[in-house]
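K.L.:
One-letter residues, chain by chain:
There are 2 protein chains.
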Amino acid sequence: MKYPNSLEKLMKSFEVFPGIGPKTAERLALHVATKLTKENALSLSQAIEEVIQTLKKCQICGSISDTDVCEICQDTEREAILMVVENTKDVLSFEKTGIFHGRYHVLGGLISPLSGIGPEEIHLPKLHERVVKENIKEIILALSSTVSGEMTSLYICKMFEESPISVYRIGYGLPVGADIEYADEITLRKALEGRRKI
Amino acid sequence: MKYPNSLEKLMKSFEVFPGIGPKTAERLALHVATKLTKENALSLSQAIEEVIQTLKKCQICGSISDTDVCEICQDTEREAILMVVENTKDVLSFEKTGIFHGRYHVLGGLISPLSGIGPEEIHLPKLHERVVKENIKEIILALSSTVSGEMTSLYICKMFEESPISVYRIGYGLPVGADIEYADEITLRKALEGRRKI
Chain A
0 MKYPNSLEKL
10 MKSFEVFPGI
20 GPKTAERLAL
30 HVATKLTKEN
40 ALSLSQAIEE
50 VIQTLKKCQI
60 CGSISDTDVC
70 EICQDTEREA
80 ILMVVENTKD
90 VLSFEKTGIF
100 HGRYHVLGGL
110 ISPLSGIGPE
120 EIHLPKLHER
130 VVKENIKEII
140 LALSSTVSGE
150 MTSLYICKMF
160 EESPISVYRI
170 GYGLPVGADI
180 EYADEITLRK
190 ALEGRRKI
Chain B
0 MKYPNSLEKL
10 MKSFEVFPGI
20 GPKTAERLAL
30 HVATKLTKEN
40 ALSLSQAIEE
50 VIQTLKKCQI
60 CGSISDTDVC
70 EICQDTEREA
80 ILMVVENTKD
90 VLSFEKTGIF
100 HGRYHVLGGL
110 ISPLSGIGPE
120 EIHLPKLHER
130 VVKENIKEII
140 LALSSTVSGE
150 MTSLYICKMF
160 EESPISVYRI
170 GYGLPVGADI
180 EYADEITLRK
190 ALEGRRKI
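As they're listed, the protein sequences go chains A and B.
So in numbering that gives the first Met the number 0, spot 38 of the first sequence is number 37, and the numbers just go up one at a time.
So in numbering that gives the first Met the number 0, spot 86 of the second sequence is number 85, and the numbers just go up one at a time.
Chain A extracted, bound-state conformation:
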């Protein structure tokens, strides 16, 4: 005995999500089949269709937007500082802090030769064009402190090596509230390298 075909198909569809294995996919599909009201299930399926039909990438920064140019890129008051992030989620995280008033550039990925992702596969070629066109004086790299993140940061540094533009990276170190006892070696090394006089 197996699950009905339509249920098996739904499980397979859920399995493509990151962090969702066969067991969770089964649980989600069964929840749709047995617990959701018809109304809720339909509104979920419509929400998915709406997302893929209405959302696009901002033509300037590459962030997710329902307009051709996103809200932030439309804002002419923004300073001529460009923060390079991996994805739209990171834009929201920095916007929540309320301390950055510049513009963003969303790469949509990181350079990773092992997965076949080179500079052309992410939103990098447009970065140079933007810097010239928008008269950017400063770039801040806010990428994860992983191998791919470091590689991408390095690549961008090289891109602007010969130009008068200052390229910064965000500070890496001990997160606020964290215990030194539980921090890993590399974080501690970064924290030491990033020490500041008080």
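Among these hints, one or two may not hold up.
[What the hints assert, rightly or not] With a straight-line cut-off of 30 Å between C-alpha atoms, the simulated DSBU-like cross-links for lysine-lysine are:
#1 A/K125 x B/K34
#2 A/K34 x B/K11
#3 B/K136 x B/K157
#4 A/K37 x B/K34
#5 B/K22 x A/K8
#6 A/K37 x B/K55
#7 A/K56 x B/K8
#8 B/K189 x A/K22
#9 B/K88 x A/K1
[Unchecked claim] Chain A is faced by these chain B residues, among others (derived, beta-carbon under 7 Å):
#10 S5
#11 L6
#12 K8
#13 L9
#14 S12
#15 A32
#16 K37
#17 S44
#18 A46
#19 E48
#20 V50
#21 T53
#22 D65
Everything labelled a hint here was simulated from the structure, so no lab data went into it.
On a predicted model such as this, the values are computed, not experimentally measured, just so you know.
Each residue gets a CB set at the ideal place from its N, CA and C atoms; glycine is no exception.
Starting from the known structure of chain A, fit chain B onto it as the hints suggest.
P.N.:
Relative to chain A, chain B alone:
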């Protein structure tokens, strides 16, 4: 700055699933918006609609099925033993073992007065009718060993107290491969109660 409306709506739709909080819902919705191909996203939304449009409960056992009467209930070779389980997933788990050749009765929930779920809210009233109609001689209760599970088991025992039908429950105890050191007290007590001569 906020996410576009359609994305926010999709996040809210994902949040109704069990075990999915706001953070995971955000991750899933962003995956739909940025990583899924249009094709995959559409096939997910269609799979959801198909599930709620084609699936129904088997008129006899209450299990999920794409026919009025499920495969197992259609099988006339099945023994006149009835196993009572909470949901369709449990049916599949027992079918996988290959050692049970009886029929199933899927409750679709457990009695839980605190959540306002009484015997009438689950597939219990039909149980008595089936037992008479199908000439069942033996009932096996395979419900979780939780407060609700115990309450439901007790209720079913009482239902057949006066009848000649034997009501069994599955054995509770130490799972195979588990370490006594890590087993909780109640499991160990159940294991002791369920001891067998070797």
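K.L.:
Evaluate each hint against the coordinates.
P.N.:
Going through the hints against the structure:
Using a Cα cut-off of 30 Å, the hinted pair A/K125 and B/K34 holds, with the two alpha carbons roughly 20 Å apart. Between A/K34 and B/K11, the direct Cα distance comes to roughly 16 Å. Compliance with the 30 Å bound is thereby established for this hinted pair. A C-alpha spacing of about 16 Å is found between B/K136 and B/K157, which places the hinted pair at or below 30 Å, so the restraint holds. For the hint pairing A/K37 with B/K34, the CA-to-CA distance comes to about 27 Å; that is within 30 Å, so the pair holds.
Using a Cα cut-off of 30 Å, the hinted pair B/K22 and A/K8 holds, with the two alpha carbons roughly 26 Å apart. A hinted pair counts as satisfied when its Cα atoms are at most 30 Å apart, and A/K37 with B/K55 qualifies at roughly 12 Å. Of the pairs offered as hints, the one joining A/K56 and B/K8 holds, with about 18 Å between alpha carbons and a cut-off of 30 Å not exceeded. For a cut-off of 30 Å, the pair hint linking B/K189 to A/K22 stands: about 28 Å separates their Cα positions.
This hinted pair checks out: B/K88 and A/K1 have alpha carbons roughly 10 Å apart, not beyond 30 Å. With 7 Å as the threshold, the beta carbon of B/S5 comes within range of chain A, its nearest partner Cβ sitting at about 4 Å, so the hint holds. Evaluation of the B/L6 hint against chain A yields a held restraint, the C-beta minimum of about 6 Å falling below 7 Å. A hinted interface residue such as B/K8 counts as satisfied when its beta carbon comes closer than 7 Å to some beta carbon of chain A; here the least separation is about 5 Å, so the hint holds.
A least Cβ separation of about 4 Å between B/L9 and chain A falls short of the 7 Å threshold, and the interface hint therefore holds. Evaluation of the B/S12 hint against chain A yields a held restraint, the C-beta minimum of about 4 Å falling below 7 Å. Against a cut-off of 7 Å between C-beta atoms, the interface hint on B/A32 holds, since the closest Cβ of chain A lies about 5 Å away. Hint status for B/K37: holds, given a least beta-carbon distance of 6 Å to chain A, under 7 Å.
Using the Cβ-Cβ criterion of 7 Å, the hint placing B/S44 at the interface with chain A is satisfied: the shortest such distance is roughly 4 Å. For the restraint placing B/A46 at the interface with chain A, the shortest Cβ-Cβ distance is roughly 4 Å, inside the 7 Å limit, so the hint holds. With a cut of 7 Å, the hint placing B/E48 at the interface with chain A holds, because the nearest CB-to-CB distance is about 5 Å. With a least beta-carbon distance of about 5 Å to chain A, the hint placing B/V50 at the interface is held under the 7 Å criterion.
About 5 Å separates the beta-carbon of B/T53 from the nearest beta-carbon of chain A, less than 7 Å, and the hint is met. For B/D65, the shortest C-beta to C-beta distance to chain A is roughly 4 Å, which falls under 7 Å, so the interface hint holds.
Going through the hint list in order, the structure satisfies each hint without exception.
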